[in-house]
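Protein chains: 4
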Amino acid sequence: MTKPLNIGMIGYGFMGRAHSNAYNRVSDFFDTEYTPVLKAACARNAENVQAFADNWGYESIETDWRKLIARDDIDAIDICVPNNLHKEMAIACAEAGKIILCEKPLAMNSEEGEEMCQAVEKAGVANIVWYNYRRIPAVTLAKQLIEEGKLGRIFHYRANFLQDWTISDDLPQGGAALWRLDAAAAGSGVTGDLLAHCIDTAIWLNGGVSNVSAMTETFIKERKHNLTGKVEPVTIDDACAFLCHFSNGSLGLFESTRYARGHKALYTLEINGEHGSLKWDLHDLHRLDYFDHRDEGRVRGWRSIHVTDGDHPYMDKWWVPGLQIGYEHSFVHQVADFLESLSTGKPAGPTFRDALETQRICDAVLASAESGQWTDVG
Amino acid sequence: MTKPLNIGMIGYGFMGRAHSNAYNRVSDFFDTEYTPVLKAACARNAENVQAFADNWGYESIETDWRKLIARDDIDAIDICVPNNLHKEMAIACAEAGKIILCEKPLAMNSEEGEEMCQAVEKAGVANIVWYNYRRIPAVTLAKQLIEEGKLGRIFHYRANFLQDWTISDDLPQGGAALWRLDAAAAGSGVTGDLLAHCIDTAIWLNGGVSNVSAMTETFIKERKHNLTGKVEPVTIDDACAFLCHFSNGSLGLFESTRYARGHKALYTLEINGEHGSLKWDLHDLHRLDYFDHRDEGRVRGWRSIHVTDGDHPYMDKWWVPGLQIGYEHSFVHQVADFLESLSTGKPAGPTFRDALETQRICDAVLASAESGQWTDVG
Amino acid sequence: MTKPLNIGMIGYGFMGRAHSNAYNRVSDFFDTEYTPVLKAACARNAENVQAFADNWGYESIETDWRKLIARDDIDAIDICVPNNLHKEMAIACAEAGKIILCEKPLAMNSEEGEEMCQAVEKAGVANIVWYNYRRIPAVTLAKQLIEEGKLGRIFHYRANFLQDWTISDDLPQGGAALWRLDAAAAGSGVTGDLLAHCIDTAIWLNGGVSNVSAMTETFIKERKHNLTGKVEPVTIDDACAFLCHFSNGSLGLFESTRYARGHKALYTLEINGEHGSLKWDLHDLHRLDYFDHRDEGRVRGWRSIHVTDGDHPYMDKWWVPGLQIGYEHSFVHQVADFLESLSTGKPAGPTFRDALETQRICDAVLASAESGQWTDVG
Amino acid sequence: MTKPLNIGMIGYGFMGRAHSNAYNRVSDFFDTEYTPVLKAACARNAENVQAFADNWGYESIETDWRKLIARDDIDAIDICVPNNLHKEMAIACAEAGKIILCEKPLAMNSEEGEEMCQAVEKAGVANIVWYNYRRIPAVTLAKQLIEEGKLGRIFHYRANFLQDWTISDDLPQGGAALWRLDAAAAGSGVTGDLLAHCIDTAIWLNGGVSNVSAMTETFIKERKHNLTGKVEPVTIDDACAFLCHFSNGSLGLFESTRYARGHKALYTLEINGEHGSLKWDLHDLHRLDYFDHRDEGRVRGWRSIHVTDGDHPYMDKWWVPGLQIGYEHSFVHQVADFLESLSTGKPAGPTFRDALETQRICDAVLASAESGQWTDVG
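Line order of the protein sequences matches chains A, B, C and D.
So the first sequence is numbered by my numbering: it starts at 1 and just counts up by one.
So the second sequence is numbered by my numbering: it starts at 1 and just counts up by one.
So the third sequence is numbered by my numbering: it starts at 1 and just counts up by one.
So the fourth sequence is numbered by my numbering: it starts at 1 and just counts up by one.
Simulated from the structure, these hints should not be mistaken for laboratory data.
Take every hint as true, because none was put in to throw you off.
Straight-line distance between alpha carbons at most 25 Å, and here's what the computed DSS-like set of lysine-lysine pairs gives:
1. A:LYS67 <-> A:LYS122
2. C:LYS150 <-> B:LYS264
3. D:LYS221 <-> A:LYS150
4. D:LYS39 <-> D:LYS3
5. A:LYS264 <-> D:LYS279
6. D:LYS150 <-> A:LYS264
7. D:LYS264 <-> A:LYS279
8. B:LYS279 <-> C:LYS279
9. A:LYS3 <-> A:LYS67
10. D:LYS346 <-> D:LYS317
11. B:LYS317 <-> A:LYS264
12. B:LYS221 <-> C:LYS150
13. B:LYS317 <-> B:LYS143
14. D:LYS150 <-> A:LYS221
15. C:LYS221 <-> C:LYS264
16. C:LYS264 <-> B:LYS150
17. A:LYS143 <-> B:LYS264
18. C:LYS279 <-> A:LYS279
19. C:LYS279 <-> C:LYS264
20. A:LYS143 <-> A:LYS317
21. C:LYS317 <-> D:LYS264
22. C:LYS279 <-> D:LYS264
23. A:LYS279 <-> D:LYS279
24. A:LYS317 <-> B:LYS264
25. A:LYS264 <-> A:LYS221
26. D:LYS279 <-> C:LYS264
27. A:LYS264 <-> B:LYS279
28. D:LYS317 <-> C:LYS264
29. C:LYS3 <-> C:LYS346
30. B:LYS264 <-> A:LYS279
31. C:LYS264 <-> B:LYS279
32. B:LYS143 <-> A:LYS264
33. C:LYS143 <-> D:LYS264
34. C:LYS221 <-> B:LYS150
35. A:LYS39 <-> B:LYS3
Chain A with its partners taken away, still in its complex shape (with noise of 0.2 Å):
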């Protein structure tokens, strides 16, 4: 028998979608202790809400988070709100003992993610931060390849994040589906947009980051702005790109933008070591490209792995070898694994302190970009 583990959804939003669709799909996939049940969806706006919940199977609605969070018959909150947003919901959530789902980035910026780190420390609760990326079969099977030793000392790592849909100055700012674009309710543009998920695999492949020399664009410096009807600043990043030094050595080279035409969500990767390397791409997200050097030298290449087979992770559980699945997968994966965690009570990462990990190292990020100056990761 399985028991229900009863959701509080707040926001509706394309990352709202998201998740529901995992929480659905899970238990059909994946055999886990723990159900989830759509019990509540919550925002503002009631007739939206109600839409959502109706799509989605959600029991009710609420348009108070705060309600929401103190319902009894919710045992875990998923925060799926803009980022000015995260620490006083999880905060809250932690006090009422609930279970989090927070979605990246964990916060503005490190100093709120270490009080909510500490809320959730302090109450106990479990808690994981929505960077999906690590739990795409080719990027878990990646990290495996790693651990096992096959790439040796590493050299290199670096990684992309390839957007083009704010080229046009037509497009305004801030408000409903465009407040990644202001600051104010982003904390950044690219940074802890995209250079977030970046940092997050990288520092799970390759380990923590020293510091930082980093630069940041805005391309389009005024765009009207939904919230007022006015022209104004522009006050998020469009680009940002640094270099970096791994505690490990290896040097890191990381870039992000909104302004590379062609590209319509291009996370790149790849990490170089002694013996080998592996490249990754979300454009084609089920291969994993790996070169070992000690194959005979004659017939070294590098060897396109279509990431479908049974022994690939995760991959037993959907179709046969040959049959793609997507981009969505990899939050189905991040439920099952995450149900499992409260099961074993082993943390499925990443925790709200493995987020603060990124946090840090987009706040050097900024502040190298701010000063000029390399900085050390704090």
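Fit chains B, C and D to the supplied structure of chain A, relying on the hints for placement.
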């Protein structure tokens, strides 16, 4: 308010899972008047079918398909069983007035198929066959581009379906998961299993086939048979290739095998016209390659279209640009279109009658391979 | 000290340039006992052949090929003229005791080819046919890997040669640069021009062909003829495809056309064996794709081998790893190997006799297309 | 009638071969007023340089470069020696009124480079530096497209040059073929050897660089030195990466290393503009990837342009569409363009003065890596 479409599922194998998933998900993403309700699952083994029903949320089970068909609370039957059972079940369904969703290939041969067509047409019941690849967004986009005339006069069509899972001579044949290796259950080997998919897409994209010249091969002549426990002759075709003429004057080349190392499920198609060409394959199903000869000469090149934008077929229902969907979504799309067809009364293809055309070509292919002669499609 | 090999070249077209370049370059990169000396170029038009001779450094010209063959200061004749002239010239060369390097295909048909073989064998003169693709390093590497048994038992071989340069119906046929479109000069269309290349490589890599079933097509039925100035029926095959059985039990599939938009000179081959597979194409001729099923399961994948290392065939003679060579180098390699064969007395293939086998298969293909029957290779 | 350009070559290493090949081949393919004549090769070791001269057809040898420069029968000197010798030789050449073709990088640093520029400008001698990648046809095509405005406003430029040949700690440094690993001879490691190439192309395509923030790393700290026989500290940079701002407001990201497993000589560049993007890499140097945002939305995609057509830069001189040329051809093109510049009097870039700009950026990069500060380009 949506209306329920009460589904009775016969079978619980790989396709049973794929279809059930599609029924469960369609309403989360598509607005349809009808909503599938998983009313009953049916198979001879009660324990197995109960586990299947529990997993996917079927409300009840049956162990006798005739009882399932007799139930008043069932609107539509999904026939997900070996090919040798399609005809009898489909005709019984039609006679009971049930809507039918039948796995491909339609039947063991075109004589059976013709009987099935006459049954559904006489009964006037909606019907469809699960040639799901038409509804991979990249394939649907190819259909749009061809219909718009972007390729002009067509000269060539070629398609492969390459697998490598039966190369080991230790693999037994027949029974349970391996019925596809037993001609008594499957009718043929790769011809009905794999080439039928290639043919369905081809005639959808490029029209009818006039005649064929084929060869088949069975590389491993004897295998242990699961149903008898004895080593018995292998009766299926391990590989099949054929040349053909399309009615529009273009030339076709088709090949399928389960003996092509390195290819798990590589369905590839290409079509060449006077103005341009299209290529697609199942291992990167979210991309369509397009060459437009009318581009400026110096910058002509094959375009790799990442079919994940809102203006691509079906993709406005899913995530945001750049984020892939996978194999299973083709079934969701098929259900969505079929539900829509129930509302509009305009059939969604491939109907039984459409699928009979594929069956006729398969029959001609097998006859040609047997006789060594060019064979007209009946 | 090196010995001169005095070359007489007949013809000055595209292949005349490619061969001349090979003669001029070979000694800069390969250590050979013999060094080609460009003694004389021959063609009917004195002005044109003089310009050609000046460009490439031929010491003299002739306008009558019989005079060229009669010269005592010529050791070897390179026959670079339309196919209908090969037989007469080659037999005359043999009778004059000249070494012969003959453009492919060997002859108009296998009867002619047989006469040519008998002539060179009777005369005991060294001979070779310019099937240059054997000596693309990636293709030579494929040969090595197959001979070492890396693929095991072979199941499938497939090859295409796709072009798109004759789609316009404004293109005339015949004469000068367009003799390949005139069956009177070329013998056939794509069969002798393109498929002959595919067949030569195939039988080198995978052994003999037993029988074939073919189809040909001429999409544009009439074109202006350059020699008559009149619109005349097109006598060549624009496209040809065939199925075949190899002597080793594997299945073959070949296709060639000049009507495949987007493909300039896309010669592609793939071979599938029980342990692995190989793929190569002419548009990225410096790469060989290799799949080794004996790799560890999780990290199996097609390897893209960048064939530019010192341990790859021929590549120790050129630059450093990572730096590509191109199409023309295949001719340099052929000259180098042929010069070596003159020193060792061990023939470098394909000899006339080897090339006759390709001719026989082409004849069977054309006969099968004509008769609509499976046809044994004579 | 063509005029001779008598060449004196100093050095006989890898680049000596590449340049000699270019001189020998240019007139077979390009119509130029001047024709290179290989008059003399010069190096200290008489035996080695004689062998080199014999191989490539140099008429004579010298063992003292000052004697070579003093010869009246030499028009142009090709300086193909380690970087620490460029300045003295180039200035002596200029003073002797010789045309100069100098290997890259121009000098050990920009101070030396400035002296060299002043010398050639004072002497009024034609000069060029062998940044050969500008003349890969795909790169030249990129230049054309950018100049025509096809990309619009530029936002991003990124380039890598990744190799993996120095990872073994058994590899010694210094002397003969390994002078590139010795800062005393090379000035720097990957910065001058590899990044200089990336920078030359970048400023040609995207204009000047304002400032940089760099890091360098030496992964293996000590190696046996060939000149001393002792284990000595490694003085070069094994890896270097930098951020920069271009004068046009776009952001740059550059990285180079000899520690990236799986990459032999992977020079990759990408440029993103408001209307489109371009990508190129040296491992498939005959292709240019182009994304045009102004294509119809549904069929937008990265185009892989096979740069082998007659309307592509330089390609009308070579073979037919679809047939690749290789690395060495970039040198032939450079010679062809340089010969043309001697006729027209319009300099062919990069001149010494052009190459000094690259040197200045390299200096700023090394200074920034040393200081940890953003550094203006001098």
